[in-house]
Amino acid sequence: MRKLTVIPERCSGCRLCELACAINAFGVNNPKKAKLRVFSLYPHPVIKKPIVCNQCRIPKCSENCPTGAIYTEDGIVKIDEKTCVACQMCVTSCPFGAIFVHQEIAVPFKCELCGGNPKCVEVCPKKAIIYTPEHILGQSMRLAGVLKYAHMKEVEYFEHGIVKKLRYADTEKGKTSGDNNDN
Amino acid sequence: MTIKGGYCQKILEMDLSKNKKHVIEVSDNFAVKYVGGRGWGARIIWENLERIKDPLSPSNIVVIASGPLSGLYLPASGKTSFSSISPATGLYADSNMGGMFAVEIKQAGYDAIVIRGRAEKLSYLFIDDDCVELKSAKKYKGLGCTETERHLKEDLGDETLRIATIGPAGENLVRFSCINSEWSRNAGRTGMGAIFGSKNLKAIVIRGTKDLPVFDLTRLVELGEHAYKTLKSHRLFEFWQRQGLMTVVDYANAAGILPTHNFKDTCFDDANKINGEVMETFYKIGDTACYACPMTCGNVNLVKEGKYAGTVTEGPEYETACMFGSNVGINDFAAVLRANYLCDEYGVDTISTGNLIAAVIEAYEKGILTLDELDGMALHWGDSDSIMELIRKIGEREGIGNVIAEGSYGLIKKWPAIKQLISQVKGLEQSSYDVRSAITMALSYGTSDIGGHHARAWTIAKELEVGSDWTLDEKAEIVIYQQTVRPLFDMLGVCRLPWVELGFNESAYAEFYSAATGIEISLEELLKRSEAVYNITRAINIKLGATVKDDFPSWRCFNEPIKTGPLAGKKLEMEEYTKILQLYYNKRGWDENGVPMLKTLDRLELTDIKI
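Residue numbers (the working numbering), protein chains in the order written: chain P, 268 to 450; chain S, 13 to 623.
Careful, some of the hints might be misleading.
Claimed, not checked - The calculated lysine-lysine pairs, modelled on BS3-like cross-linking and capped at a C-alpha distance of 25 Å, are:
no.: 1; chain 1: S; residue 1: K45; chain 2: S; residue 2: K583
no.: 2; chain 1: S; residue 1: K316; chain 2: S; residue 2: K474
no.: 3; chain 1: S; residue 1: K296; chain 2: P; residue 2: K316
no.: 4; chain 1: S; residue 1: K296; chain 2: P; residue 2: K393
no.: 5; chain 1: P; residue 1: K394; chain 2: S; residue 2: K296
no.: 6; chain 1: S; residue 1: K150; chain 2: S; residue 2: K276
no.: 7; chain 1: S; residue 1: K133; chain 2: S; residue 2: K65
no.: 8; chain 1: S; residue 1: K32; chain 2: S; residue 2: K16
no.: 9; chain 1: S; residue 1: K244; chain 2: P; residue 2: K316
no.: 10; chain 1: S; residue 1: K591; chain 2: S; residue 2: K611
no.: 11; chain 1: S; residue 1: K33; chain 2: S; residue 2: K133
no.: 12; chain 1: S; residue 1: K276; chain 2: S; residue 2: K165
no.: 13; chain 1: P; residue 1: K393; chain 2: S; residue 2: K150
no.: 14; chain 1: S; residue 1: K487; chain 2: S; residue 2: K583
no.: 15; chain 1: P; residue 1: K393; chain 2: P; residue 2: K327
no.: 16; chain 1: S; residue 1: K241; chain 2: P; residue 2: K316
no.: 17; chain 1: S; residue 1: K316; chain 2: P; residue 2: K316
no.: 18; chain 1: S; residue 1: K244; chain 2: P; residue 2: K394
no.: 19; chain 1: S; residue 1: K244; chain 2: P; residue 2: K393
no.: 20; chain 1: P; residue 1: K316; chain 2: S; residue 2: K165
no.: 21; chain 1: S; residue 1: K599; chain 2: S; residue 2: K575
no.: 22; chain 1: S; residue 1: K65; chain 2: S; residue 2: K622
no.: 23; chain 1: S; residue 1: K561; chain 2: S; residue 2: K622
no.: 24; chain 1: S; residue 1: K561; chain 2: P; residue 2: K316
no.: 25; chain 1: S; residue 1: K431; chain 2: S; residue 2: K622
no.: 26; chain 1: S; residue 1: K474; chain 2: P; residue 2: K394
no.: 27; chain 1: S; residue 1: K583; chain 2: S; residue 2: K622
Please keep in mind that the hints were generated in silico from the structure rather than gathered at the bench.
Could you put the whole structure together from the sequences, leaning on the hints where they help?
Here is the structure:
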């Protein structure tokens, strides 16, 4: 199972993903019909985040759907247009705001991963949206956590007259103040 | 021919005096003949010219136009064009802005908005698809541009609104104030902010939800995909994403064309302290991009320490880095960022502001201005504190700032001796290229329809590189060619930078146009329409009293040779410039007074233009 994941600090806010998504999904040049959204928090232009569906294993949208129109198929959360009554309960119950509505479209719509070849990933000029195996999710946070503990340090040394660098973990610095009880 | 897409074929006309909206249906013939954007703007201004009195009176109009390609699936399709009569030059004016605003205009179902009259009280216009309302902006009076946008979004409860707003400088009718959108997208030049201010229009807020009409979406997507791939595979693409236009600082300094100390010098000793490298290493914290553009040339910068710590701004790009760097002698990038931030917040054009502040510093240095006239500020090169104070004074029209706020012509009227120190054409302060070494660039500035700006033609790099054997004929021709291609982008509602910077082929735009509108057209035909629009703007300027003498660059170009750097000793010769100017008129089909001849207007199908 692969999932969409985003790296917000890479996003430039160009919204090409929205446009490509809407064209792909509905055949119209209208970013307001995209199944994902880039959210820019004003006035902090640095904070831009593509909001994508996480295809939750325990989907709140499905749980709260009064007609049972939301079901999971091969790990992808889908809306059955026939059963859906467009009450928009799913829109407000998604913890990420990743289900959208448009006045010209009868029922709410959401990302279904473009049959395994997500258009947004393909067009993103900054590689801010990636399509990755599930077990990779969270890897960047794990790495950050490890580095934070280890406080990687660098020293320069000479070998045969050439400057070389050595990276090592300064584990002492990684201790939080709470650990230093014996001082 | 019948339009099958690309255009909404509707113009929203808003009379602020009567608080009345009116939707005009646009004929196929009009839409295609003037293409869109600045082309529509120029034509609409021409039709209203008789009625326009003073640029800052309610009789002036402003045309805010997207183009037929705006908002479509192709690189950088988010340009909005503002056309009017400029309060700085008294002549035809246009200025364009990136971002998302044009897309939203079209999503609301219009190609353009025409604003007339003057609202009774400070107001903002809220266009919510078909619902158009004029609302009180009392609450936002005096607020900076980004602050106004933030408050409007909060108050209207929607972060996805698109907003174009003016700052205090626009409200105070500073003649080079601008219109700002999304943090740092500005229609900067020619004083569009003051025109909004004179109409008591603080902002325009738009929310549009409609599909953009496209004739052949499959073909457009194919062409778009190809364009994106071409740009991404360019060898400079990644570097461009990192530095954007800031790369030009090093180039201009090495070439010896970087305006320094009010255009006196052309090389700056500390250029390596205000260049792209410094920005990237010490200040840059993120990218921004305009709509559907992979090039991300907006650099978000943060000052982390020192007296300007905490300043966050999108920018600068080359023009600002030069005008608030080398041109005023500032060698501290943090100060450049601060100046950029203040200009955006007050809503003044960084080019005009930096240019005029530099002229005032030199005037004080030369004894033309006294300490009293400067409100006791002993100005000197690189004095960042005083420069920040001057920006504030300009924005608030206080003391000396009140005089500078009147622009080049205002300063010259008050202190005639300052005329020789100001680099301007037609009353618009010149942008950041020294032209003493490159006559084609001098001609570009001289004959630009809005005044001293490089948007219409940018020939300097090519001339310095390979132009030494060009004949005067060839030199005039290259300026005309550029003045025909570059404005075409403003008419189509797209950005020219993919073409300028990453060598994207201009003929692709004819294909985009055909796919969008269903009208098969060649690049030549589009260029002919761009040439026609150049003749309309010329006709407007002639009607408004412009003459041959308005087509000359500033005094310094002819009288003070470059002192240092690789191009030391160069200056323009009046005789040669006069000759190339006449050649240029001739090639354009204009008479010796620069007036388009009847046969030229005939050839361009502009027989109804009577000069």
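The hints, checked one at a time:
no., hint, verdict
1, K45/S with K583/S, "violated, 41 Å"
2, K316/S with K474/S, "violated, 39 Å"
3, K296/S with K316/P, "holds, 18 Å"
4, K296/S with K393/P, "holds, 16 Å"
5, K394/P with K296/S, "holds, 19 Å"
6, K150/S with K276/S, "violated, 44 Å"
7, K133/S with K65/S, "holds, 21 Å"
8, K32/S with K16/S, "violated, 30 Å"
9, K244/S with K316/P, "holds, 22 Å"
10, K591/S with K611/S, "holds, 23 Å"
11, K33/S with K133/S, "holds, 17 Å"
12, K276/S with K165/S, "violated, 45 Å"
13, K393/P with K150/S, "violated, 41 Å"
14, K487/S with K583/S, "holds, 17 Å"
15, K393/P with K327/P, "violated, 31 Å"
16, K241/S with K316/P, "holds, 24 Å"
17, K316/S with K316/P, "holds, 23 Å"
18, K244/S with K394/P, "holds, 12 Å"
19, K244/S with K393/P, "holds, 10 Å"
20, K316/P with K165/S, "holds, 18 Å"
21, K599/S with K575/S, "violated, 34 Å"
22, K65/S with K622/S, "holds, 19 Å"
23, K561/S with K622/S, "holds, 22 Å"
24, K561/S with K316/P, "violated, 53 Å"
25, K431/S with K622/S, "violated, 34 Å"
26, K474/S with K394/P, "violated, 34 Å"
27, K583/S with K622/S, "violated, 38 Å"
Of the numbered hints given earlier, the model fails hints 1, 2, 6, 8, 12, 13, 15, 21, 24, 25, 26, 27; all others are met.
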